[in-house]
Every structure is written in C-alpha cells, then in structure tokens.
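S.K.: Here the protein sequences come in this chain order: A and B. When you read off a place in the first sequence, starting at 1, and then add 1222, the result is the number in the working numbering. When you read off a place in the second sequence, starting at 1, and then add 8, the result is the number in the working numbering.
No lab work stands behind these hints, which were simulated from the structure alone. Virtual Cβ for every residue (Gly too), placed ideally from N, Cα, C. There could be a bad hint or two in this list.
[Stated by the list, open to error] Each computed PhoX-like pair below joins lysine-lysine, with the alpha-carbon atoms no more than 20 Å apart:
| hint | chain 1 | residue 1 | chain 2 | residue 2 |
| --- | --- | --- | --- | --- |
| 1 | A | K1293 | A | K1279 |
| 2 | A | K1279 | A | K1334 |
| 3 | B | K50 | A | K1264 |
| 4 | B | K50 | A | K1227 |
| 5 | A | K1280 | A | K1264 |
| 6 | A | K1290 | A | K1279 |
[As the list claims (entries may be wrong)] Using C-beta positions, here's what the derived DEER-type ranges look like:
| hint | chain 1 | residue 1 | chain 2 | residue 2 | range |
| --- | --- | --- | --- | --- | --- |
| 7 | B | G48 | A | R1283 | 20 to 28 Å |
| 8 | B | D71 | A | Q1303 | 41 to 49 Å |
| 9 | A | D1253 | B | E67 | 19 to 27 Å |
| 10 | B | D70 | A | P1316 | 16 to 24 Å |
| 11 | B | I68 | A | I1234 | 31 to 39 Å |
| 12 | B | T21 | A | G1238 | 41 to 49 Å |
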Amino acid sequence: QQQVKQSPQSLIVQKGGIPIINCAYENTAFDYFPWYQQFPGKGPALLIAIRPDVSEKKEGRFTISFNKSAKQFSLHIMDSQPGDSATYFCAANPDPHAGKSTFGDGTTLTVKP
Amino acid sequence: EPEVTQTPSHQVTQMGQEVILRCVPISNHLYFYWYRQILGQKVEFLVSFYNNEISEKSEIFDDQFSVERPDGSNFTLKIRSTKLEDSAMYFCARAQGNSPLHFGNGTRLTVT
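If we strip away everything but chain B, and leave its shape as in the complex, we get:
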C-alpha cells in the first residue's frame, strides 16, 4: 500500500481547461515532489517542494504549472491551461532527508 495517496486516479479534461491533481502523504514529511511520465517514456522530475515552498523545478515546470499545500496536508499540482502534450501519468512522491522516493500510484491525465 503506497504511503502517498493520489486523487483522482484518472482525469480527462479538454484542452485549455484547468486541472488540479491531489496528493495526500500519510506520514508528516517535509519533502514532496511531482514527477511526470508520458506513456512509455521515462519518469521526469517536475518540481520539489520543501517547507511549503518550491525548492527546485525543471524546465517542464513552466508558468502553466503551480503547486500548493493549502491545508498543510494535501499537496496539489495545478495545470492552468492544459495542452495535449500534458497528457501523462503524474506521480506525487515524498522523501525524508537523503532517503529514496516513495511514489504514489499516480494520476493519469488525458487531455483531449
């Protein structure tokens, strides 16, 4: 059973719409991450979030993306205006210090 729960498991949206993907870590960890995996491709780092702030982001994480931890528990990834190429699996992960990542089961985002 993953230590990170992601909702929804599958999200279908139309191009140009906003989507919010949610992640609920079970343990009270400080480090959170979003990764993306386009179908059949490698897992790619999007953003890291530490102590309620973005600590690092990749080139993929442009102005269309944002992350929040609005209530101190849920960790969200928002895509403001989705594009077809945003279709992918999005994984939330948590880590503690120099420890390995623990991934959730992902949200499959389909942009039509």
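Next up, chain A with everything else stripped away, as it sits in the complex:
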C-alpha cells in the first residue's frame, strides 16, 4: 500500500520531444506529490510538486497532471533538451510526515540532440 509505481524505466526522446513519465499510488493518505530530478553523482533535487486538490501544475517546461480518482499522476517535459537528460523520480508524502517520501523506481531520460 505504501508503494509508488513509476513507468517507464527508461525513455529516449529527440530534442524538442515531450517525454511523459507516469506514476501510480495506492495509499489515499498521500497528500503531496513531488518530482525529483537527479544527475549522476548528485542528490535528488526537487523539480515540481503538486497537491491532490489540483489537477495540473505547470512550472516552465515541466507540467504535472494529477488524476485523484485514478490515483495517478504524470510528468510532462515540454520542448525537451539534452540538458534534461537525468533520472526522474516521482514521490509521495503522507501527512503529517511530510519529509518521509516514498519514491518511485525512477525513470532514466535521455534526450538526443
């Protein structure tokens, strides 16, 4: 019940493409859904996050779509660039333990020039 399932495991797109990464959860106690970007040798860094009362959130080229009834959420990267090549993790936080995140397995994104 605590799992967050993430797909695909890896993704290759051409520059300018729109990669989409999907996540699903089961625990309805989760109330905060961050996405992290991780470059090799670095710690995960927050990219964008959403609460379940919002169906979509956009920050720059990154958009989260959230479907509360389906318990699914996804990350879209518009106009992807080679510099976006990284591993992306979705996560879910239960309340009140906001810092205890359950992470998805990660998606390795490669954006080809």
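Go by the hints and put chain B onto chain A.
M.R.: Below, chain B alone, put in the same frame as chain A:
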C-alpha cells in the same frame, strides 16, 4: 549549491567496520532525514529525526544503524558493523514543515 553538506563524499570500508557519515545543514531546521540509494535503484527512506529524536524509521534502519546530532549542528549516521549490502549512496536531507526535501550530494559508501 546544496543547502546540506555531506562528508565524506566517498567512504571505503571493510566489512564489519564502523562508519560515520556526516551531514551539516546550512539552515537551522528541525527535521532531518537519511535516505539510501543502492546503485541504480530507488531512493529509500531510512530515518527521520525531529527535535533531536528519531521520529520514524524504516525496516532498513535496524540495530546496526544509529543517528545523532551531537553538537546541535552536525547530523550523523552511524553503521556499527558494515555489511556488503550496505554499499550505497547515503543522502541526508532536511525539510521544514510540510515542505519538500532538500538533499545533500550524498556519501558513496563502498563496503569491501
């Protein structure tokens, strides 16, 4: 530049030895966390530390692990008797209230 500094960046130790991983948060936050990432795998929660006490720990965080904030600043993770399977990246993170985690760059622990 991360708001959490971790030392060392890489630690090599022999099986059965004790290791101490250190974390220095720049801001004076109350919530601290240790996470682990085995090479190529997901990031896993180990323990949360609030107001100088463990508030929650995972099944991974067994008796071989301990955390301390000995001087009110540094936050340490100790593994008493390392095993080969403890080889991983260990990330310290801090959070304030219901805010996202800020991770350090991690310590790569290699147990031989």
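S.K.: Please go over all the hints and tell whether each is borne out by the structure.
M.R.: Right, here's what the structure says about each hint:
| no. | hint | in the structure |
| --- | --- | --- |
| 1 | A:K1293 to A:K1279 | holds, 16 Å |
| 2 | A:K1279 to A:K1334 | violated, 26 Å |
| 3 | B:K50 to A:K1264 | holds, 14 Å |
| 4 | B:K50 to A:K1227 | holds, 11 Å |
| 5 | A:K1280 to A:K1264 | violated, 25 Å |
| 6 | A:K1290 to A:K1279 | holds, 14 Å |
| 7 | B:G48 to A:R1283: 20 to 28 Å | holds, 27 Å |
| 8 | B:D71 to A:Q1303: 41 to 49 Å | holds, 47 Å |
| 9 | A:D1253 to B:E67: 19 to 27 Å | holds, 23 Å |
| 10 | B:D70 to A:P1316: 16 to 24 Å | holds, 22 Å |
| 11 | B:I68 to A:I1234: 31 to 39 Å | holds, 32 Å |
| 12 | B:T21 to A:G1238: 41 to 49 Å | holds, 46 Å |
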